[in-house]
Amino acid sequence: MSIIVKNQKILVYNLTEKVVDYCKQMKAYGSRIVAGVNPGEEKHKVAGINTFGDLKEAREFTGVDLAIIFSDPGHVLRDAVETIMAGIKWVVIVTEQVPLQDMVKIISLAEKSGVRVLGAGSAGLIIVGEQKFGVMPDAIFTKGNVAVAGKSDTLSYEVVYQLTRSGIGQSAYIDLGGEAVSGMRFQNVLQLFERDEDTKVIVMVCQIGGISEELAAKYIPVMTKPVVALIAGQTAPAGKKMGHGSAIIAKEEGSFNSKYNALVKAGVHIAKGPEEIPHIVKSLFTQRANRVL
Amino acid sequence: MQTFEKYLISTYTGCAMKIAEYQVKQILKVNGFKVPAGRVAVSKEEVYDLAARIGGPVALKAQVFVKGKMNIGGIKFAGDPDSAKEMSTELIGANLGDTINKKILVEEYIESKKEFYFGFVLDRRIRKNILLFSVSDEDVSADKIYPTNSILKFLIKPEHGITKEMLKKIFIDAGIEPEHRKKIQEFILKLYKIFIKFDAELLEISPMALDINGEFVVLDAKMKIDDNALFRQERMTRLEDEEDKGAIELKAAKNGFSYVRLKGDIGVFGNGAGLVMETMDEVARAGGKPANFLNITSDFSTDSISDAVDLILMDSGVKGIVINIFCCGQCIDVAKSIIAACSANKVKIPVVVRIDGNNNKDPGNIFKNSNLIYSSSIKDAVSKIVEIVRLVE
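Residue numbers (numbering that gives the first Met the number 0), protein chains in the order written: chain A, 0 to 292; chain B, 0 to 392.
FYI, nobody ran anything at the bench for these hints, they're computed from the structure. The structure displayed is predicted, hence computed values, not measured ones. Note that beta-carbon positions come from the ideal geometry of N, C-alpha and C, so glycine has one too. Check the hints yourself; a few may be wrong.
Stated by the list, open to error - Taking lysine to aspartate or glutamate and the EDC-like style, the derived pairs with C-alpha atoms no more than 20 Å apart in a straight line are: (1) 28/B x 114/B; (2) 239/A x 114/B; (3) 127/B x 56/A; (4) 33/B x 110/B; (5) 104/A x 110/B.
Unchecked claim - Computed footprint of chain B on chain A; a stretch qualifies when at least three of its residues, placed anywhere within it, have a C-beta under 8 Å from a C-beta of chain B: (6) 45-55; (7) 270-277.
To be verified - A few chain A residues facing chain B, derived, Cβ under 8 Å: (8) 74; (9) 76; (10) 77; (11) 96; (12) 99; (13) 144; (14) 152; (15) 153; (16) 154; (17) 163; (18) 165; (19) 166; (20) 167; (21) 168.
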């Protein structure tokens, strides 16, 4: 596994009662949550995790590789900037609907500092069978060689579950989040999957809006691994926001056709619905096996 | 009229809250810009009074969120109060670009010697703000993603803001006379501050006039505020015209759902934007037509299911409902609340439910004693509802 270094030390921002269950699930999955930061609060323990009033204090005690931010939308900027300035190399922003101007600042700083940001509105990432950094239900995953990336959590879970039920395991899943301005895009994640020795096939769970899919289509032709995609929103009307900040078609850009054409041209296998994905993946594995023979 | 919005349609997210022209002008005025004397009127009598008070020729401007207002007759000029009153009857209640206009901004007519167009847009493709400046209202093809020749464009680094280099380039390339440079610089810096302070995605002055008295006046302005930031822009929330929203949209907003009405007859709801869109697509693939997009969010509470059913039934065109839930919690609980919601709402149209997920202990059994149809497959659930609705017709 080369997507992320093993045994990451995780820090959780805003470790309140609301997110305790997520933290317990992460720990049960083998993730190392070393501290929480609840800005302004006294040092105390939540579900066996030491929480500190500020990052500096937390870091001196523990050393941290990855931060998960559950802060209110109005505090994500403050907390993400603090995290990036402290040199933490991965930031997962679970909080949804973060002001876009705040995301502009976070992304600009992250780019300069070489930090990977997932979200806002990201369910996080999971290295199946090893560690998870986020809020996805781990019971639907089973270990294998298909990496999944998506912009909408439940639709991606659906795809993962269809794979699991068809006996196809996954290597990893990464959620980009569905906001109009967010950190990592499909092409960044595809690069990680391409390098990852446990990943043989990649599934992109796409949806209308934005240009993440179109940018990915420029990179896919140089990849060695086959890519399957599902594109949700063929029936969505132009100019309307479909729930997610990013799910809107502005003129032709971001439309189903724009994504479909770009991905097909890049050699991506397009699925009609989540239930078709296991069939396509299976045939890709068979092709691969035949080639090896 | 030049507007940067049309060139930047690809960057315009559309989910932003639009602010009416007269409201943007209020904001600009408070922040030190000169705007024409004027006020909003809702009747021809008010228009007459305002025109009389302003004195001299006036501009009548429909307050609708439509592009190219001038070209569709949304702006008129009147020489005196009587003709202003007469012309206003063509604007109040007029259908302008699919919107019924209710308000007119009555303003003193400004004669301009020269015009300047400038503003800021949050470009989500590059995830940065850009500054745009032009002295021409030359109409460039709207197909162009980015403005060319006559419009100057600058990428703003958040840590640097507006730089001296940008201003210098504007002065030289746009041919700003030395005596106006200080003012223009001041306006650009001030506008950027407002753009950031109000969490705007778009803020433009289009145009600012240098009038015959040598004063700079804002003739028109556009502003869109980022939805996500409304919690810290409370004043903006109050400015929004809620009256334009339909009853279903209002209820959806109250419940914290996202709702978009479509043209079909099969009501759709589920948890998660992607999942709902995918379900709509499946309806279309099965030969049906989705009536709506309704996302109750992925971490919904079971109480909200009743609201969702209620909401879908408000659309009398709905002949059947398909519910698609991917559970991260207990499927059984969700199944029970769907059955309860449908019986409480006395649902008389066919409902097909598809639930699956994390803790799926066959919710199918629970539906056996209800009027609802259950399927564990999306494809199957969708084709069932399409088939039933077709039979009922």
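>> Hint validation: residue 163/A versus chain B, beta carbon distance must be below 8 Å. Holds or violated?
In response: violated (11 Å)
> Would the stated hint for residue 165/A survive a check requiring a Cβ distance to chain B of less than 8 Å?
Replying inline: Hint violated; residue 165/A Cβ to chain B Cβ min 13 Å, cut 8 Å.
>> Checking hints one by one. Is residue 74/A an interface residue toward chain B, by the C-beta closer than 8 Å rule?
In response: Where the cut-off is 8 Å and the nearest Cβ of chain B is about 11 Å from residue 74/A, the hint is violated.
>> Hint check: residue 127/B vs residue 56/A, CA-CA at most 20 Å. Holds or violated?
In response: Not OK: residue 127/B and residue 56/A at ~33 Å, beyond 20 Å, violated.
> For the hint on residue 96/A, does the least C-beta distance to chain B fall short of 8 Å?
Replying inline: holds (4 Å)
> Is the hinted pair residue 33/B and residue 110/B satisfied, with a Cα-Cα distance of at most 20 Å?
Replying inline: Judged against 20 Å, a Cα distance of about 14 Å means the pair holds.
> Under the criterion of a CB-CB separation shorter than 8 Å, is residue 168/A in contact with chain B as hinted?
Replying inline: violated (17 Å)
> With 8 Å as the cut and Cβ atoms as the points, is residue 144/A at the interface with chain B?
Replying inline: violated (23 Å)
> CA of residue 239/A to CA of residue 114/B, is that 20 Å or under?
Replying inline: violated (33 Å)
> Within the assertion that chain B covers the region 45-55 of chain A, do at least three residues meet a Cβ-to-Cβ distance smaller than 8 Å?
Replying inline: violated (count 0)
> Was the hint right that residue 167/A lines chain B, CB cutoff 8 Å?
Replying inline: With a minimum Cβ separation of about 17 Å from chain B (threshold 8 Å), the hint on residue 167/A is violated.
> When the nearest CB of chain B is found for residue 154/A, is that gap smaller than 8 Å?
Replying inline: holds (3 Å)
The structure fails to meet hints 2, 3, 5, 6, 8, 9, 10, 13, 17, 18, 19, 20, 21 from the earlier list, while all remaining hints are met.
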